[in-house]
Structure formats: structure tokens, C-alpha cells
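Enquirer: Next come the chains, spelled out residue by residue.
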Amino acid sequence: MLKAPIPHDEERRLAALRQLEILDTAEEAAFDKLTKLAAAICKVPIAVVSLVDENRQWFKSCFGLEARSTPRDVSFCGHAIHSDQILEIPDARLDPRFADNPLVTGGPHVTFYAGAPLIASGGEKLGTLCVIDYAPHSLTGEQRLTLETLADQVVRLMESRRSSLRSKASAESSARTNKLLDGVLDSLPNLVAVLDKDVRYQYINAAYQNWFGLSPDTTIGRSLVEVFGEPVFNTVKDHVTRVLGGEEVRFETEAPYRLGGTKTISLHYQPLRSPAGEIEGFLAIVNDVTELRASTKALKETSERLLNTINNTPVGLIELNEELKITAANPGFCQMLEYATDELIGKSIYDLTHPDDKIKSSSISTAATTAAAAAAAGATAAASPRTEKRYIAKSGRIVWGAVSSRAKLVKDDSLSSGSAKLYYSCIEDITKTKGAEEEKIEAQKMLQDTINAVPFFISYMNKDQKYQFTNAYHIKFFEDRLRLLRDGNLAAIFGNRDAEIVAAARAKALAGTESSARVSALGYVDQAATTLDVKYIPHRDSSGQVSGIVVVAEDITERLANQKRIEEQNLILAASSKMVALGEMAAGMAHEINNPLAIIVGKSAQTRRLLASEMPPDKAKIAANLDIIESTGQRIAKIIKGLRAFSRDSSRDDMKSEPVEEIVADALGLCQERFRNHGVELRHTIENRAALNCRAAQLVQVLTNLLGNAFDAVQGTERPWVDISAVTVGGKVVISVTDSGHGIPEAVVEKMMQPFFTTKPVDKGTGLGLSISLGIAKDHGGDLFYDKSAANTRFVLRLPALVSKEAGQAA
Amino acid sequence: MISLKGKRILLVDDEAAIRDMLKEEFLLLEATIEEADGGHAALEMVKAGDYDAVISDAKMPEGDGLELVVEIRRLGRRLPKIFLCSGMSVGDLGNAAVSCVVAVFEKPLDFEKITNLVAASLVDPTP
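Same order as they appear, the protein sequences are chains P and H. Mapped onto the working numbering, the consecutive letters of the first sequence carry residue numbers 1081 to 1891. Mapped onto the working numbering, the consecutive letters of the second sequence carry residue numbers 97 to 223.
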């Protein structure tokens, strides 16, 4: 069997065949009609349109044959396509090329074959229209011509089929494309419409339908005027004219909204042209800008408000460029520094800053830049910390400002970096508060200077007893020992015992109660031991909690030494004052003793004369004289006894039991003469049987002092008197000295018990009498006081009574 | 013995015993004696009648002796001779008074000395 050879133009042939897009397509009546016609004309049972593919022959139409394709190898047609003429084989069994062909030897037992090539318009032989018979056959001339014509018809049919197929495909594709376009257009938020040159709607997308509330059925093919009416059309009429004139038009207008009312829409009309360039209509793209417009309006209002704020705020607002030169300043800032806006623009912030604060300006910008860098992720940069600095106003006045600044990178295409750094600063004028603050600071400084100048230790320690402040005196005193004090090593400074006292006093103050302590700092280097009076005052914070202690201490070493000296001197003075009192008394008493002496002497002389006379002595007279001499002698004895009791230094005597009566009598003995001589009535009611455990001489001294004062007070007044009485009340002996005066002025009462206080002339009295008397009364466990309640001037000496036997029994 | 007959002497002392003794001494010399217990009473008596001498104590409750001396001097008439008896020395007494007394007798009193001096000054007055 001879295999069908491959034609020389096989590639082109196959391409032409595939271009027909016919292989493996369904049966078609047009082809089937042709094969049926061929079979009938050639009077054979089988007619086939066979197309020779690369490896097979495929039958587009078969009349009288079941098979749809056979391998190309065994095909008769593969041979037939090598020639433009019909290949006729009357009996294949006899033809060496086909005798062993399976199609001949087996089914369909091809015996007769005649195939007319299907020659495409390009000359390619695509296959054949062939007729087949099971028996040997031959074609007449007419049959051959008809077969060739029919083959030609098949080719035409195939080719027309393809072109019709093409146009159909293109129609399908265009439909698909349109559908796609519709989807796209419908998904657009924009309102899209296509109108023809008569302004009739040709297309509207979903958005357009929704927005205006239109449906394509009632819109497509109708004109704009019909759809919207004359008034609406008039608003776009001019624009329509322009777009149909070939111009692209953009405009805004109010349009009736589906849900009522009107909204602002922006329209974009674009002319649509035919391929020939003629204007066929226009595309309308519509956007609802109502919301956009509204938000723009709101933005405008907001910015106006903002601008208003910026212009009217007293706070200074400035914009600085990277070189810290002012690029914008609000009126607030201009007023603050007394400049006009124009004068400030371009000025460096450093030129407006106090020389000492220039460093602050650069710190502020650095802080702002750092903050801006930290906020690189698009977050708002934090402002620099609020900084207080001084500006210099145009007049040279210093203006204190509290500044916070924000750095911002701003897009600027004119720069190589593409952005510029700007600083926005907000400045509050705090000159006034700063002034007050400075005054406060000044006052504080004065206070501190004062605290440092005073000769007291002043310190402040916190709750943990750590020093927060120590004044100059404190520092100077402790010097090397400050460390010990700060470390809380109190024992090293005060010794163990006083350290405990200090610790306790501090603890008490920290617990909220003011405390004080007298402690001694140990001697240190060439500094003697020092006695300190320390006061610990709790310091409370605003919530009332104790937050620390104010410690105020005074060095009283010297004062104590002085006090001791004074006490010693007072002792001497007391002694000398007694001598003064004694001297006074002695002067007065000389007179008193002289008189009785004169009497004794005189009476003695008289008596002697009586005895010497020649007449018998007048015994009665002599006896009378002797009585006078005796009683007068006793008067002198009393005075002397009192004087002795008064004058001896009894301060070291032991306490002894002495009858009250005797003590009062001794005191009276000393005074009686004086009172009598000066016409001062001296009353006494001494019926007291009580005894006192005392130093009698000291008590005589007290009473003499009281009687003497009373005498001085009433001397020269009308009918003067002094009364002394002693009673026992509730275990106390109460000795009162009252005079005819009417009390003592309040101012004097307050001071009269103090040493050296006196109302008497300089040469009379030492002013020690009452203070010494008070001391004596206290030594005896008693008291000496002025009785304000009495009608007359009354002093009371009150002493504990010794329980006498009678009193004890009575009790 | 000197006689002071006709001489009027005023004795001034708050202490009656003293007056008694002085009175007794001068009665022995036959003088006329009158007494006062204080300076105030004495001054009235001096104003009322002529005295040749006044012998007064210095310190008395009812009218001080020193004041009495000054007051008598102020009367401006023929003055009695004045003598003072005092517990204090002449130097301790005020000058004003002392300058116009004949003598100051210091205590304790020497009665013989007093009578002698008073008598001498009254009998044989110095020019």
C-alpha cells in the first residue's frame, strides 16, 4: 500500500484548513445536501466531504458512510489532494496503490473511488468531495464535471460559512463586551449617560438610574427635555449646545434629587464622534457634590473661626523656618513684643530673645525637632516641653513668655530634600506672674538671708530626719561635725544620754506635737561643751500631714553662765539689801533707843537728887521713877532682841519649831517705836497658839519688811494705821499685814515681786524686799501674795502650820 | 545757882517722860515751863505768846521739829532761842534748820548739859 504523500505546501494547507474553523464541528445540512447530490449524480452509494488534517481525514459530511474520520495513511483522499484533477480509481482491488488498503480489504470495502479536490481560494487543497462504491465503477464526463462543480461549491460553502461564523462571533463578542461595560459602568459611583445628537438618551448606568429615579425603559430613546422637563433642560441647554459643537464641558448645577429637593451636581460632557469624526452625541458624567460642597463650606467656616481665634487670642503664635526666622506671627505676638507684623517677618527669634535665654531658644527647637522625629510614623508630633524664657520687646522691655513649640515637615518641591521644616510656637505672656514670682523669690531670699544672719540654729529636716536646710549659724557651729549630724550619729555630738533626748523630741515632733529639749553638745576640738535649747516644730504639708520638722536651737551656754552669775550676785545683793534695811532701821532706832535711854538716865539722876536732898526722901516718887526706869529698860530689850533676830545670817540655820506669836512679837519689837514716833497706829491681834517649822529670823525679816512697807505707804496720810494678824486656817498659818491704804495699782502689782522693783525714792529701799521675802516664804513651803480682794492694802504670808498637841487633839 | 525766874520755856516732845524730866530740871531753876507734844501745837503756842526759849525734839509724829524751827523763823518777830534734841548728829540734820538754832543736843540726852547751856544763853545773852 502506498501511503499518501505529504504535499509540499502542507503547512500553508493546514493553516488554511484550520482557519476555516470547521474541523470537528457538527453536521451541517448545507454540506449534507451536496454529498447527497454528488452520490445521486455519480450513482454511487457513498459520498463524503473529507478534509485532510495533519494525521487524519475528517469528514464534514458523509452520505452512505458511518465513519467520521480515518487515519490519513490509509486515506484515498491523501492521494487525491496532490492534484487539481479528479482522482478516479475504477477498482481498488486491482490498483497496486490501494489493493492492500484496509479500507479496501476490510470495511467499508472500498472498490470504486473518485475524489475531486477541495481547492481553497488561496490554491490550498484542503481535502476532497469524493464518491465511493463497493463495486467497480467509472464516471462519465458529465459526472466528473458535476463532481468538480460540487467540490467547488463545498469550498465556497466552507468559506462563506467561516465568514458568517466570523461575523456571528464578533456580534457575540461585542455583546459580551457591552455587558462587561455595563457592569463596569453600573458599578461606578459616577452617574453616566450617553445621549445622541438629538439629546436623546441612549444609555444610563445604574448610578444614574438610582440617583434620578429613572428606568432605562422609560428613558432610552427619549430626550432630556422629555425626561426632565423644560426648566431643567434650560439649565444645561447652553452646555449641551457646546458639547455638540465638539467642546468638552464641565459645570455645576442644581438638579432635582430622586428623594426630593435639589442637590448640587457637577457635570462633565464629552463629545462622542463617529469613526469619521462626526459628532454623534455626548457622554455625560455626573457627580453629586452636595456633601463635598457642604464639607468644604464647613471647612471654610472652621478655618474662619480658627483665623478669628488666631487673630484675637492674647497668646502669641508664630511660625519659624528652619533658621528660626519668623515667617508668620499673629497680632497677639506682635502686641506682646510691640512690633508691627512686617517688622517681625524675617527676624530671627534670637534677635527677640534675652541674651541669657538664647540657649533656651535653641533647646526649644531641638526638643520640637526631636519630638517630630519621634513621631515619624505619621502621628502628631508632641510639642516641646513648656519653657519659660525672656523676650526683648521693641522698647527694650523684658517680656517673660511660656513657650511650647512643635516642629513640622512640610512638603516643598522647590527644595532638594522635598520638604522644609517649620516650627510653630505658642507663647504665653507670663511677665506679670513672673514679676510676682520674682518678688516672691526676692522675699524668700531676704528671708533666707535673715535666717542665715540670726544667731540661732535653724534647720529643716524631712520625715526621715534628713536635713533639707541648715542655716549659716548651724553650719558654722557644727563644721566638721555636720557629717555626723547628717548621718544621724547623735551620740557622737550630744553623748548617749542627750542623744536619746534629741531622738525622743524629734519623734514627738514628727508625731505632730511641738517639743523642746535642753541638751549639751559635747566639747569639740577647742570648743567648750555647749548647752542648747532646742525647739522641734512639726511642719505640715497642705494636706495637714507632718512632712518634716523645723528645728530652732539657741546656744544658751553664755546665758546660763550669766544667769548663774546673776544668781550669785543676787545672793550678795540680798545680803547687802538686808544691811541697807538694817541701816535704815538702825538710824530710826537710834532715836527710839535714845529716848528710853534718856528717860532711864534722867529718872536715875532725878532719883539720885531725891535721895540726896536734906528732906526725907519721897519714897513714892522714888518708886515711881524706878518703875519707869524698869519698863523703859524692857522697851530697849525688846528692840534689841528684834534687831538681833533680824540681823543675824540665818540662811544656814536649821528649821526649828517656833511659836507664831514670838515671831510676830519680834517683828513688832523692831517696828513699834518707829510707828509710835510717826503717829502710825499699829494694831495687832496675835492669839495664835500654832507653831511653825522655820528659820525664825528669816520670817522676822519678812514681817519687818511687810510692816516697813506698810509704814512707808501710809505715813503722812490721814489717820494712818497698820494691822498685823495671824490665824490658822486649814493647817496653814496665815499672817496678814494690812494698812490703811486702798490697794496697789495693777501695773505695780504685776512687778512688785520682781527683784529691784521699787516705787520708793532712789535713796530709800533696794527693791529687793518683796522678792527676797517671796523666796523665803517658798523656802518654808509657803507663799507670799498680795490680796487683791481686800478693801485695804493687804499682804498675806501663808505657811504650813506644825500640828500642835492641842490642835492635834482638837483634830 | 542760876535763876531763870521770869523766863518762859516751851518744851516740845512727843514722849511725855522726856518732857517730864526736862520740866523738872528747869523748874529747879524757877523757869516758867509750858509743854507741847508736837510741832503743830508748838507753832500755835509760839504765835500766841512770847517764849524765851523753845526746846524741841527733832522727830515727832505730830509736827516735825525741824519744820517747827523753820516755821518759827518765818514768823519774823523777836525770836525765842531754839534748841533741838536729836537722835542724829548735827551733820545729819538739814542745814536750813540747824543754822537758826542755838544748839543741837544729841541723844542720849545729858540733862545737866542742857540746863546749863539753856540757862547760860538766857541769863547772859551774847551780844
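Hints listed in this document are in silico derivations from the structure and should not be mistaken for laboratory results. All residues carry an ideal CB built from backbone N, CA and C; glycine is no exception. Warning: the hint list may mix true and false statements.
[As the list claims (entries may be wrong)] Heads up, simulated BS3-like pairs for lysine-lysine below, C-alpha to C-alpha not over 27 Å straight-line: (1) Lys143/H x Lys1701/P; (2) Lys1543/P x Lys1556/P; (3) Lys1525/P x Lys1474/P; (4) Lys1701/P x Lys177/H; (5) Lys1701/P x Lys1721/P; (6) Lys1405/P x Lys1438/P; (7) Lys1701/P x Lys101/H; (8) Lys1699/P x Lys119/H.
[Said to hold, decoys possible] To give a feel for the contact side, a few chain P residues facing chain H, derived at Cβ under 8 Å: (9) Asn1674; (10) Gly1682; (11) Ala1685; (12) Gln1686; (13) Ile1708; (14) Gly1759; (15) Leu1762; (16) Thr1765.
Enquirer: Each hint: holds or not?
Expert: Checked hints:
no.: 1; hint: Lys143/H x Lys1701/P; in the structure: violated, 36 Å
no.: 2; hint: Lys1543/P x Lys1556/P; in the structure: holds, 24 Å
no.: 3; hint: Lys1525/P x Lys1474/P; in the structure: violated, 31 Å
no.: 4; hint: Lys1701/P x Lys177/H; in the structure: violated, 32 Å
no.: 5; hint: Lys1701/P x Lys1721/P; in the structure: violated, 31 Å
no.: 6; hint: Lys1405/P x Lys1438/P; in the structure: holds, 14 Å
no.: 7; hint: Lys1701/P x Lys101/H; in the structure: holds, 25 Å
no.: 8; hint: Lys1699/P x Lys119/H; in the structure: holds, 20 Å
no.: 9; hint: Asn1674; in the structure: holds, 3 Å
no.: 10; hint: Gly1682; in the structure: holds, 3 Å
no.: 11; hint: Ala1685; in the structure: holds, 6 Å
no.: 12; hint: Gln1686; in the structure: holds, 6 Å
no.: 13; hint: Ile1708; in the structure: holds, 6 Å
no.: 14; hint: Gly1759; in the structure: holds, 3 Å
no.: 15; hint: Leu1762; in the structure: violated, 12 Å
no.: 16; hint: Thr1765; in the structure: violated, 23 Å
Violated hints, listed in ascending order, are 1, 3, 4, 5, 15, 16; each of the other numbered hints is respected by the structure.
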